[in-house]
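J.: Listed below are the residues making up each chain.
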Amino acid sequence: MRVKYVLSEVLVGLWRNVTMSIAMIITMAVSLTMLGASGLMYRQVDDMKDLYYKNIQVSIFMEQEVSEQQRTDLQTKLDGDPLVKEVIYVDKAQAYERFKSMYQDAPDLVNAVKPDQLPESFRLTLNNPEQYKNVYDQYKDTEGVEEIVDQSRLLDKIFNILTAIQNIALAAAIVMAVAALLLVANTIQVAAYSKRREVAVMKLVGASNWFIQAPFVLEAVVAGLIGSLLGLVALVAAKYLLFDGSLSALQGLLSPITWGDILFIFPLMAGVGGLVSAGTAWITLRFYLRV
Amino acid sequence: MIQLEQVTKTYPKASRPSLDNVSVSIEKGEFVFFIGPSGSGKSTIIKMLLHEVAPNKGRVVVNGKDVTSMRSWKRPHFRRSIGCVFQDFRLLPNRTAYENVAFALEVIGKTKAVARRVVPEVLELVGLGGKEHRYPHELSGGEQQRVAVARAFVNRPLILLADEPTGNLDPDTSIEIMRLLDRINRTGTTVVMVTHDSNIVNQMRRRVVEIESGRIVRDQARGVYG
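Chains E and R are the protein sequences, given in the same order.
Sequential numbering of the first sequence, starting at 1, is according to the UniProt record's numbering.
Sequential numbering of the second sequence, starting at 1, is according to the UniProt record's numbering.
Think of the hints as simulated: they come from the structure by calculation, not from any bench.
Since this is a predicted model, take the numbers as computed values, not measurements.
Virtual Cβ for every residue (Gly too), placed ideally from N, Cα, C.
Any given hint could be a false lead.
[As the list claims (entries may be wrong)] Residues of chain E placed beyond 12 Å of chain R at every Cβ, according to the derived structure:
1) Tyr42
2) Glu68
3) Leu109
4) Gln131
5) Tyr136
6) Ser152
7) Trp259
8) Ile283
[As the list claims (entries may be wrong)] If we take Cβ atoms under 8 Å as the criterion, some of the chain R residues that face chain E in the derived model are:
9) Trp73
10) Pro76
11) Arg79
12) Cys84
13) Arg90
14) Phe103
15) Ala104
16) Glu106
17) Val107
18) Ile108
[To be verified] With a cut-off of at most 25 Å between alpha-carbon atoms, the simulated DSS-like pairs for lysine-lysine come out as follows:
19) R/Lys112 <-> R/Lys131
20) E/Lys4 <-> R/Lys110
21) R/Lys112 <-> E/Lys4
22) R/Lys13 <-> R/Lys57
23) E/Lys195 <-> R/Lys112
24) E/Lys85 <-> E/Lys54
25) R/Lys74 <-> E/Lys195
26) E/Lys140 <-> E/Lys157
27) E/Lys203 <-> R/Lys65
28) R/Lys110 <-> E/Lys195
29) E/Lys203 <-> R/Lys112
30) R/Lys65 <-> R/Lys28
31) E/Lys195 <-> E/Lys4
32) E/Lys133 <-> E/Lys54
33) E/Lys54 <-> E/Lys157
34) E/Lys140 <-> E/Lys85
35) R/Lys110 <-> E/Lys203
36) E/Lys77 <-> E/Lys54
37) E/Lys195 <-> R/Lys47
38) E/Lys157 <-> E/Lys49
39) E/Lys92 <-> E/Lys140
40) R/Lys47 <-> R/Lys28
Only chain E is shown next, with the shape it has when bound in the complex:
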């Protein structure tokens, strides 16, 4: 009977102040969607970093007139460098082959370039791609080196953008969360006020504190959970419309977001939504119920 009482109080509570409840649920949903999106992007960026950085190379291009001696010296140095994991030497002929296959759709360009015009190079895989700078400093003045190109610099730019988007989503999630919390606090205040007579009688006759507070706290938790469900729906819609829809052209570039990823992020959203609302409600009651 007590469980039934508490549950019916929760529903009555949400319904009594239905516009406020809806506002609370919507802000909560938006906030949790942002949080979920940010979480998904975090995983996404991580996956992509793994994928891209693993295959990343630093290319040391040699001057056209590099001497045999200079090349062997550099090769020895690179082989002994602890920063370098793997060295591949690409001579002019191989460079030309690569060039041909890379631009096979543009035969005019391929025809215009002679094999000996392309520089020979060392392709390095680093133990830690982020230590590119050290490698660069070490070899830039070596004789015979024309240019050092690091692919990770390019990637860094892309990842900076992705991280920025992720941070914006997180910031939006936090701002919306603050709004949601204020609405929760307000809703609980209104609920506590409209039930002040019942609460006074309950306190008087010795109802336990949890019994007095439970309907209010659960009211907030239910709103939080509904909000997180709506957030889940929003994420599913976003995947369906954006990733599988208008952004599907980028599919090769972005690592895919699976339904599993979204389902994995849902407990986080529901947990944050439920716990944060419960905490807010409970703290609000400390001030307005004085049980």
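With the hints as your guide, set chain R onto chain E.
T.: Just chain R now, with coordinates in the frame of chain E:
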């Protein structure tokens, strides 16, 4: 049953203490009036017995429990042994007489079956038989106070506190409520009543503790309002 030992209470920002070194001892089954002008500190005593305010100095013992050192989370259970009636009845307007009394049982974990057995009995006892399903606005002031008394007594508390229970009632109705409290007292329940209704005090001829400016000025076994 109830001991106040050299109790002093000064509210923050108050210039003088509401209770100043007050000592009273009340035995089980006693009927005690606390009288005195408004602001004399009578209501503070009720609040202390309910563990609503704590004294600055001294000790309050209710039912063998030291209320002074009681942690607030023990308060709910402690209150189940105390019934309380107020001047303004404090009934729930959207519940019938029966529901008001049953509510008090259900929120402390009693089942509906218990309520169905006990509530009609106690409503009969306070003289509201046949009016169980009326709402407070369909009852007279005296009848509303009977509902409040029924609610306070339904749990068979050891102590019944009454804070000016006749303050909103006409003299005849007041007498009826007093008869009711007297009957409850005869079941062995200790009754502590705060009032400044001289008629009632004079008629009942029970123990009277008079308080003035926070001090006890009289404690008389079969007193009058004086």
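J.: Classify the hint on R/Ala104 as holds or violated, based on whether any CB of chain E lies nearer than 8 Å to its CB.
T.: Constraint on R/Ala104 satisfied, holds at 4 Å.
J.: Does E/Lys195 sit within 25 Å of R/Lys110, going by the straight-line distance between their CA atoms?
T.: holds (21 Å)
J.: Could you let me know if the closest chain R CB is still more than 12 Å away from the CB of E/Leu109?
T.: holds (82 Å)
J.: Please check whether the beta-carbon of E/Gln131 is more than 12 Å away from every beta-carbon in chain R.
T.: holds (58 Å)
J.: Are the Cα positions of E/Lys77 and E/Lys54 separated by 25 Å at most?
T.: Given that 25 Å is the threshold and the Cα spacing comes to 23 Å, the pair holds.
J.: Compare the distance between the alpha carbons of R/Lys112 and R/Lys131 with 25 Å, and conclude whether the hinted pair is satisfied.
T.: holds (19 Å)
J.: Against chain E, run the beta carbon of R/Arg90 and see if the smallest gap drops under 8 Å.
T.: holds (6 Å)
J.: Mind checking the alpha carbons of R/Lys47 and R/Lys28 for me, to see if they're no more than 25 Å apart?
T.: holds (19 Å)
J.: Compare the distance between the alpha carbons of E/Lys157 and E/Lys49 with 25 Å, and conclude whether the hinted pair is satisfied.
T.: holds (12 Å)
J.: Going by Cβ atoms only, is R/Glu106 closer than 8 Å to chain E?
T.: For R/Glu106, the interface hint holds, since the closest Cβ of chain E sits about 7 Å away, which is under 8 Å.
J.: Would you say E/Trp259 is clear of chain R, with no C-beta pair closer than or equal to 12 Å?
T.: holds (45 Å)
J.: Need the status of pair E/Lys195, E/Lys4: alpha-carbon distance at most 25 Å?
T.: holds (18 Å)
Hint check: no violations occur; every hint is consistent with the structure.
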